[in-house]
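Build out the structure end to end from the sequences listed, making use of the hints.
Each protein sequence line maps, in turn, to chains V and C. Sequential numbering from 1 applies to the first sequence in this note's numbering. Sequential numbering from 297 applies to the second sequence in this note's numbering.
Treat each hint with caution, since some may be false.
Once the Cα atoms are required to be at most 20 angstroms apart in a straight line, the calculated SDA-like pairs of lysine to any residue come out as [as the list claims (entries may be wrong)]:
id: 1; chain 1: C; residue 1: 396; chain 2: V; residue 2: 52
id: 2; chain 1: C; residue 1: 387; chain 2: V; residue 2: 97
id: 3; chain 1: C; residue 1: 364; chain 2: V; residue 2: 204
id: 4; chain 1: V; residue 1: 170; chain 2: V; residue 2: 124
id: 5; chain 1: V; residue 1: 2; chain 2: V; residue 2: 119
id: 6; chain 1: C; residue 1: 387; chain 2: V; residue 2: 158
id: 7; chain 1: C; residue 1: 387; chain 2: V; residue 2: 95
id: 8; chain 1: V; residue 1: 12; chain 2: C; residue 2: 420
id: 9; chain 1: C; residue 1: 387; chain 2: V; residue 2: 124
id: 10; chain 1: C; residue 1: 387; chain 2: V; residue 2: 166
Have a look at the derived ranges for each label pair, beta carbon to beta carbon [unchecked claim]:
id: 11; chain 1: V; residue 1: 72; chain 2: C; residue 2: 381; range: 33 to 41 angstroms
id: 12; chain 1: C; residue 1: 381; chain 2: V; residue 2: 203; range: 27 to 35 angstroms
id: 13; chain 1: V; residue 1: 90; chain 2: C; residue 2: 321; range: 16 to 24 angstroms
Negatives, chain C to chain V, calculated, CB over 10 angstroms [claimed, not checked]:
id: 14; residue: 298
id: 15; residue: 299
id: 16; residue: 302
id: 17; residue: 307
id: 18; residue: 322
id: 19; residue: 323
id: 20; residue: 326
id: 21; residue: 328
id: 22; residue: 329
id: 23; residue: 342
id: 24; residue: 399
id: 25; residue: 400
id: 26; residue: 403
Worth flagging that the hints you see were computed from the coordinates, not collected in a lab. This structure is a prediction, so every number in the text was calculated from the model and none was measured. For glycine and all other residues, C-beta sits at the position ideal for the given N, C-alpha and C.
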Amino acid sequence: MKTGYYPGCTLKTKAGNLERSAIHSMAALGIEMIELERWNCCGAVYSLADDDLIHLLAPVRDLIRAQDQGFDRVVVLCSMCYNVLARANLLMREDEVKRDAINNFLEEENDYNGEVEVVHLLNVLKDDIGWKKLSDSVKRPLTGLRLAPYYGCTLTRPEEISIDRGISPKIFEEFIEALGATAVSWEESETCCGSYQIISNPEAAKETVSRIIGSAVNREADALILSCPLCEYSLGNRQSDLIESESDLHEIPTFYFTQLLALALGIEPEESKFDLNTDSAREWLSEKGLLASVEA
Amino acid sequence: MPITISTKTVDREFTKKIEEISGEPLTKCMQCGTCSGLCPVEATSDVSPRKLIHMVTLGQREMVMNAKFAWLCVTCYLCELRCPRGLDIPKIIEATRQVKLRSNENFIEPFEIETVMELPQIAMVSAFRKHTA
Numbered sequence: 001m002k003t004g005y006y007p008g009c010t011l012k013t014k015a016g017n018l019e020r021s022a023i024h025s026m027a028a029l030g031i032e033m034i035e036l037e038r039w040n041c042c043g044a045v046y047s048l049a050d051d052d053l054i055h056l057l058a059p060v061r062d063l064i065r066a067q068d069q070g071f072d073r074v075v076v077l078c079s080m081c082y083n084v085l086a087r088a089n090l091l092m093r094e095d096e097v098k099r100d101a102i103n104n105f106l107e108e109e110n111d112y113n114g115e116v117e118v119v120h121l122l123n124v125l126k127d128d129i130g131w132k133k134l135s136d137s138v139k140r141p142l143t144g145l146r147l148a149p150y151y152g153c154t155l156t157r158p159e160e161i162s163i164d165r166g167i168s169p170k171i172f173e174e175f176i177e178a179l180g181a182t183a184v185s186w187e188e189s190e191t192c193c194g195s196y197q198i199i200s201n202p203e204a205a206k207e208t209v210s211r212i213i214g215s216a217v218n219r220e221a222d223a224l225i226l227s228c229p230l231c232e233y234s235l236g237n238r239q240s241d242l243i244e245s246e247s248d249l250h251e252i253p254t255f256y257f258t259q260l261l262a263l264a265l266g267i268e269p270e271e272s273k274f275d276l277n278t279d280s281a282r283e284w285l286s287e288k289g290l291l292a293s294v295e296a
Numbered sequence: 297m298p299i300t301i302s303t304k305t306v307d308r309e310f311t312k313k314i315e316e317i318s319g320e321p322l323t324k325c326m327q328c329g330t331c332s333g334l335c336p337v338e339a340t341s342d343v344s345p346r347k348l349i350h351m352v353t354l355g356q357r358e359m360v361m362n363a364k365f366a367w368l369c370v371t372c373y374l375c376e377l378r379c380p381r382g383l384d385i386p387k388i389i390e391a392t393r394q395v396k397l398r399s400n401e402n403f404i405e406p407f408e409i410e411t412v413m414e415l416p417q418i419a420m421v422s423a424f425r426k427h428t429a
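Structure, rendered in structure tokens:
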């Protein structure tokens with residue numbers, strides 16, 4: 001089975017570990033992810049001003065590319081790209097006036113009315129593969145690991161584009177259980193990591209990151225599992241700087257959900273580019289014996 | 297912080313402008329404070345989202361323009377999810393931010409960002425979209 005795939009800017013550089021692990025995992029599960037040709041940046045944040053249509057052109061153009069290339073859906077991995085593309089798509093379906101204005105402006109493109117489906121990879125795993133089949137495909141069950149699912153803000157809000165229920169979603173937990181691990185129930189799974197404030201208000205982001213890591217540590221999670229490169233940057237790459245003043249906190253490794261999926265499916269660890277994760281995350285994998293190949 | 301209202305400080309055009317940019321009917325807000333209770337940045341801000349909406353409704357342009365909240369909001373949508381009146385609160389906050397940005401006010405200066413080489417692209421694109429004119 002083939003499906004259209006939108007990577008987004010960050011997956012081609014800093015979050016290559018999210019992209020590569022996803023493509024290899026999905027191939028192992030029988031789904032070939034075909035990258036859209038001529039995709040462009042989605043804009044990272046959805047335009048919230050009613051009179052600002054210009055920032056919708058970028059995501060709508062991506063959706064038009066998907067349609068022109070014959071895809072009836074486009075799979076997205078990055079949480080922020082998912083949010084922007086899904087909301088832009090919803091607007092093109094529901095707001096006739098804005099849809100006409102955008103289509104008129106993009107006169108060199110084919111008209112678009114929201115025909116393409118925007119889907120997050122977790123929904124593909126749940127709805128196309130199914131948890132039972134995923135569980136049966138696992139070659140290295142992650143038994144004994146306590147993994148804390150981190151939704152952040154853009155996967156489930158606003159509710160119209162949520163990958164699961166808007167309040168108390170369970171899809172991430174179900175995914176973790178399908179890999180044989182234990183999903184940790186914790187307070188901060190749906191809060192925001194501080195997002196772009198890591199640039200603009202680093203002190204506020206520090207407080208947020210410490211609170212999130214503190215909650216995961218208190219719940220005795222072994223690792224945090226996420227889907228957003230910006231969350232990975234703040235909670236993963238910058239974690240040791242941001243919590244250094246908190247004496248009672250210790251570091252906790254963070255991984256993209258696709259990296260643990262790849263490990264559980266028995267895909268060679270180098271395909272998941274763990275070199276882009278933190279040193280402590282790699283050490284943790286090594287301690288748990290997860291960097292060894294799975295014997296056929 | 298008390299809000300002092302007089303005929304000199306009320307700017308009805310400002311309220312109308314925020315309603316136009318956000319597309320949200322401000323009078324639907326009943327000031328219950330659910331948004332403020334949930335807001336992850338309220339503790340570090342000078343005003344809460346509830347109070348900011350109140351200031352906008354009362355046409356307090358200067359107070360709103362001086363408040364830090366629009367720069368601190370992370371658009372996480374927790375408030376919208378729980379608002380009992382169904383208001384899209386992040387759109388109201390965005391409108392106040394847009395008024396600042398459209399008057400050419402920057403909150404961050406792109407050339408002063410020191411961590412640029414290590415930042416993921418989505419961090420920069422989103423921060424520039426939200427915090428630069």
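Whether residue 302 of chain C stays farther than 10 angstroms from all C-beta atoms of chain V, as the label says: Given that every Cβ of chain V is farther than 10 angstroms from that of residue 302 of chain C, nearest at about 30 angstroms, it holds.
Chain V versus residue 342 of chain C - minimum CB to CB distance exceeding 10 angstroms, so not interface: 13 angstroms, holds
Reported absence of residue 399 of chain C from the contact zone with chain V (all CB gaps over 10 angstroms): 14 angstroms, holds
Pair hint residue 387 of chain C and residue 158 of chain V, alpha-carbon separation not exceeding 20 angstroms: 12 angstroms, holds
Straight-line alpha-carbon gap residue 170 of chain V to residue 124 of chain V, limit 20 angstroms: With Cα atoms ~15 angstroms apart, residue 170 of chain V and residue 124 of chain V stay inside 20 angstroms; holds.
Separation of residue 328 of chain C from chain V, once the least beta-carbon distance is taken, above 10 angstroms: 18 angstroms, holds
Assessment of proposed distance window 27 to 35 angstroms (beta carbons of residue 381 of chain C, residue 203 of chain V): The hinted range 27 to 35 angstroms holds for residue 381 of chain C and residue 203 of chain V, with Cβ atoms some 32 angstroms apart.
Distal placement of residue 299 of chain C relative to chain V, Cβ over 10 angstroms: Holds: least Cβ distance 25 angstroms, greater than 10 angstroms.
Residue 400 of chain C remote from chain V - nearest C-beta pair above 10 angstroms: About 16 angstroms separates residue 400 of chain C from the closest Cβ of chain V, which puts it past 10 angstroms; holds.
Distance restraint between residue 387 of chain C and residue 95 of chain V, which requires alpha-carbon spacing of 20 angstroms or less: 17 angstroms, holds
Cβ separation check - residue 322 of chain C to all of chain V, threshold 10 angstroms: 13 angstroms, holds
Minimum Cβ-Cβ distance from residue 323 of chain C to chain V exceeds 10 angstroms: 17 angstroms, holds
Hint compliance for this structure: hints 9 and 26 are broken, all remaining hints hold.
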